[in-house]
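Kindly generate the complete structure, drawing on both the sequences and the hints.
For the protein sequence lines, the chains are G and S, in the order given. Start counting the first sequence at 1; every next residue gets the next number (my numbering). Start counting the second sequence at 1; every next residue gets the next number (my numbering).
In short, the hints are calculated from the structure, not lab data. For clarity, every value in this text was computed on a predicted model and none was experimentally measured. Warning: the hint list may mix true and false statements.
As the list claims (entries may be wrong) - List time: in silico SDA-like cross-link candidates among lysine to any residue, alpha-carbon distance up to 20 Å:
(1) S:Lys117 to S:Ile107
(2) S:Lys175 to G:Arg86
(3) S:Lys175 to G:Phe202
(4) S:Lys175 to G:Asp81
(5) S:Lys86 to S:Ala154
(6) S:Lys86 to S:Gln16
(7) S:Lys175 to G:Ala191
(8) G:Lys6 to G:Leu61
(9) S:Lys86 to G:Arg209
(10) S:Lys175 to S:Leu214
(11) S:Lys175 to G:Leu186
(12) S:Lys175 to G:Leu164
(13) S:Lys175 to G:Glu182
(14) S:Lys86 to G:Phe202
(15) S:Lys175 to S:Arg56
(16) S:Lys175 to G:Val199
(17) S:Lys175 to G:Gly45
(18) S:Lys175 to G:Leu195
(19) S:Lys117 to S:His61
(20) G:Lys6 to G:Ile65
(21) S:Lys175 to G:Val190
(22) S:Lys175 to G:Ala185
(23) S:Lys86 to G:Arg212
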Amino acid sequence: MSLFGKLIRRDLSLMAARPGEWLMPLAFFLLVALLLPFAIGPEPGLLARLAPGILWVGALLASLIPVSTLFAIDSADGTLDQLLVRGVAAETLAAARLIALWLGFGLPLLLAAPVASLMLGYPFGALRHLLPGLLAGALGLSALAIVAGSVTLGARGGAGLVALLVIPLAIPLLLFGSSPAEPGALGLAVATALLLAAVAPFAAGAALRASRG
Amino acid sequence: MAAPDLHALANPLRFQRFATVLTPWLLLPGLGLLGIGLWRGLFLAPPDYLQGDMVRIMYVHVPAAWFALGGYLGMAIAALSALVWKHPLAALSVRAIAPVGAMFAAICLITGSIWGKPSWGTWWVWDGRLTSMLVLFLLYLGVIALIHLHEDRARGLKMAGFLAIVGTINLPIIKFSVEWWNTLHQPASIRVSGSSIHPEMLAPLMLSALGFLLLFAALVLIRMRTLIAEQRLDMRALRRAARAG
Numbered sequence: 001m002s003l004f005g006k007l008i009r010r011d012l013s014l015m016a017a018r019p020g021e022w023l024m025p026l027a028f029f030l031l032v033a034l035l036l037p038f039a040i041g042p043e044p045g046l047l048a049r050l051a052p053g054i055l056w057v058g059a060l061l062a063s064l065i066p067v068s069t070l071f072a073i074d075s076a077d078g079t080l081d082q083l084l085v086r087g088v089a090a091e092t093l094a095a096a097r098l099i100a101l102w103l104g105f106g107l108p109l110l111l112a113a114p115v116a117s118l119m120l121g122y123p124f125g126a127l128r129h130l131l132p133g134l135l136a137g138a139l140g141l142s143a144l145a146i147v148a149g150s151v152t153l154g155a156r157g158g159a160g161l162v163a164l165l166v167i168p169l170a171i172p173l174l175l176f177g178s179s180p181a182e183p184g185a186l187g188l189a190v191a192t193a194l195l196l197a198a199v200a201p202f203a204a205g206a207a208l209r210a211s212r213g
Numbered sequence: 001m002a003a004p005d006l007h008a009l010a011n012p013l014r015f016q017r018f019a020t021v022l023t024p025w026l027l028l029p030g031l032g033l034l035g036i037g038l039w040r041g042l043f044l045a046p047p048d049y050l051q052g053d054m055v056r057i058m059y060v061h062v063p064a065a066w067f068a069l070g071g072y073l074g075m076a077i078a079a080l081s082a083l084v085w086k087h088p089l090a091a092l093s094v095r096a097i098a099p100v101g102a103m104f105a106a107i108c109l110i111t112g113s114i115w116g117k118p119s120w121g122t123w124w125v126w127d128g129r130l131t132s133m134l135v136l137f138l139l140y141l142g143v144i145a146l147i148h149l150h151e152d153r154a155r156g157l158k159m160a161g162f163l164a165i166v167g168t169i170n171l172p173i174i175k176f177s178v179e180w181w182n183t184l185h186q187p188a189s190i191r192v193s194g195s196s197i198h199p200e201m202l203a204p205l206m207l208s209a210l211g212f213l214l215l216f217a218a219l220v221l222i223r224m225r226t227l228i229a230e231q232r233l234d235m236r237a238l239r240r241a242a243r244a245g
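This is the structure in structure tokens:
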């Protein structure tokens with residue numbers, strides 16, 4: 001197996017060993033879908049109309065949760081230094097983390113989205129437009145997460161800083177993804193996510209190298 | 001005087017001397033042009049046939065918007081050259097530009113809001129251009145926060161630089177996406193090919209824009225000098241501590 005594959009497998013098995021890492025964003029996503037009906041009222045028509053937006057905002061907020069531990073654990077126990085000293089390119093490391101996060105965050109999200117849409121009374125048939133966008137969106141959100149995770153490595157900001165960095169950059173994904181009925185929106189969401197995923201490993205790799213000072 | 005060699009300016013001390021000379025030459029004409037531009041715009045230019053006197057806020061709003069955007073581009077270019085050539089002054093100028101640009105974006109948002117109330121009947125609409133300027137403002141805040149929340153200053157500057165560069169790639173997409181999403185704002189009236197604004201309104205706008213530009217440059221230079229001085233003070237304190245210890 002190639003180094004890249006091994007790195008992804010390592011990240012995934014670590015995620016399996018620490019279930020909190022992927023369960024927490026999932027729970028958060030469902031909690032957003034549970035909270036909004038209380039805030040805006042239980043009227044079924046209104047909820048169904050707002051559902052795509054609620055699911056997307058939930059996914060965006062949930063993607064902020066893993067950011068603070070993405071590279072911090074590996075950096076604290078020295079794994080990051082070990083890998084970089086061995087000559088593994090920081091970009092490879094970042095790209096592997098991106099793929100692992102997409103699998104570990106995006107796939108569970110895809111399973112949770114039908115449950116959340118059930119709670120909001122969103123028609124099941126419409127999900128087939130929403131879910132592909134959400135899966136692509138999870139790739140874009142994961143890309144932003146690895147950038148945010150690497151540039152805040154060693155910073156004293158916490159969740160507020162991460163939100164401030166990610167949310168403005170995630171707006172195009174949110175706009176394209178949450179209007180699944182618009183023609184062309186899905187394609188634009190996928191294109192944006194792919195562009196972010198192409199750029200993010202380089203930005204994150206450079207930041208990882210800079211973080212070792 | 002011969003044109004200063006740009007490589008010679010890479011030396012912070014030489015840059016410091018150069019900037020000290022240059023600052024008043026930017027600041028005073030900047031304030032002067034801004035004063036003349038605003039005077040002509042606010043009192044002498046004709047009122048708009050549709051918006052009346054309300055249009056006068058344009059002389060502040062439009063230049064602020066231009067240089068908030070231009071400042072972000074400049075900041076990203078500085079970040080890129082800091083990354084490629086490891087130039088210490090380029091990294092410092094990221095830190096010098098960010099708050100000035102954020103302030104220009106804030107001026108643009110506030111004046112736009114004041115303009116929007118009488119002409120659109122509301123302080124804020126989720127219009128494409130308004131929203132993308134708000135996002136630009138947030139990107140500036142993100143860069144500033146990232147600089148200050150790193151214990152190690154040099155590292156904070158580097159990290160903020162990466163963020164600024166990623167932001168530049170995303171900025172056109174943000175602009176395109178929100179305009180595709182919703183647009184009420186009038187399209188640009190001034191293009192390279194010519195302008196649809198009456199010359200009596202265009203002249204004060206250009207004067208005020210030039211004033212804003214010089215002011216922007218002067219503020220950035222003043223901040224650069226402050227930052228270099230701060231760095232030197234830190235170094236001196238370190239040397240003293242080393243001698244004492």
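Structure-based check of all given hints:
A hinted pair counts as satisfied when its Cα atoms are at most 20 Å apart, and S:Lys117 with S:Ile107 qualifies at roughly 16 Å. With a CA separation close to 42 Å, the supplied pair S:Lys175 and G:Arg86 exceeds the 20 Å bound. Between S:Lys175 and G:Phe202 the alpha-carbon distance is near 23 Å, which puts this suggested pair outside the 20 Å criterion. The hinted pair formed by S:Lys175 and G:Asp81 fails the criterion: a straight-line CA distance of about 39 Å is larger than 20 Å.
Between S:Lys86 and S:Ala154, the direct Cα distance comes to roughly 11 Å. Compliance with the 20 Å bound is thereby established for this hinted pair. For the suggested pair S:Lys86 and S:Gln16, the alpha carbons sit about 19 Å apart, so the restraint of at most 20 Å is met. At roughly 15 Å between alpha-carbon atoms, S:Lys175 and G:Ala191 fall within 20 Å of each other, so this suggested pair holds. The suggested pairing of G:Lys6 with G:Leu61 is violated, with an alpha-carbon distance near 29 Å, which exceeds 20 Å.
Simply put, S:Lys86 and G:Arg209 have alpha-carbon atoms about 14 Å apart, close enough for the 20 Å limit, and the pair holds. Distance check on the hinted pair: S:Lys175 and S:Leu214 sit about 26 Å apart at the alpha-carbon level, beyond 20 Å; violated. For the suggested pair S:Lys175 and G:Leu186, the alpha carbons sit about 18 Å apart, so the restraint of at most 20 Å is met. Among the hinted pairs, S:Lys175 with G:Leu164 is consistent with the structure: their alpha-carbon atoms are about 18 Å apart, no more than 20 Å.
Proposed proximity of S:Lys175 and G:Glu182 is supported: the alpha carbons are some 18 Å apart, at most 20 Å. In summary, the hint linking S:Lys86 to G:Phe202 is supported, as the alpha carbons are separated by about 17 Å, within the 20 Å threshold. Straight-line distance between C-alpha atoms of S:Lys175 and S:Arg56 comes to about 26 Å, which puts the hinted pair past the 20 Å bound. Our distance criterion of 20 Å between C-alpha atoms is met by S:Lys175 and G:Val199, whose separation comes to about 19 Å.
The hinted pair formed by S:Lys175 and G:Gly45 fails the criterion: a straight-line CA distance of about 32 Å is larger than 20 Å. A threshold of 20 Å between alpha carbons decides the hint, and for S:Lys175 with G:Leu195 the separation of about 16 Å falls inside it, so the pair holds. This hinted pair checks out: S:Lys117 and S:His61 have alpha carbons roughly 14 Å apart, not beyond 20 Å. For the proposed pair G:Lys6 and G:Ile65, the alpha carbon gap of about 25 Å is over 20 Å, so the pair is violated.
A C-alpha spacing of about 17 Å is found between S:Lys175 and G:Val190, which places the hinted pair at or below 20 Å, so the restraint holds. Restraint check for S:Lys175 and G:Ala185: satisfied, since their Cα atoms lie roughly 15 Å apart, inside the 20 Å limit. Using a Cα cut-off of 20 Å, the hinted pair S:Lys86 and G:Arg212 holds, with the two alpha carbons roughly 16 Å apart.
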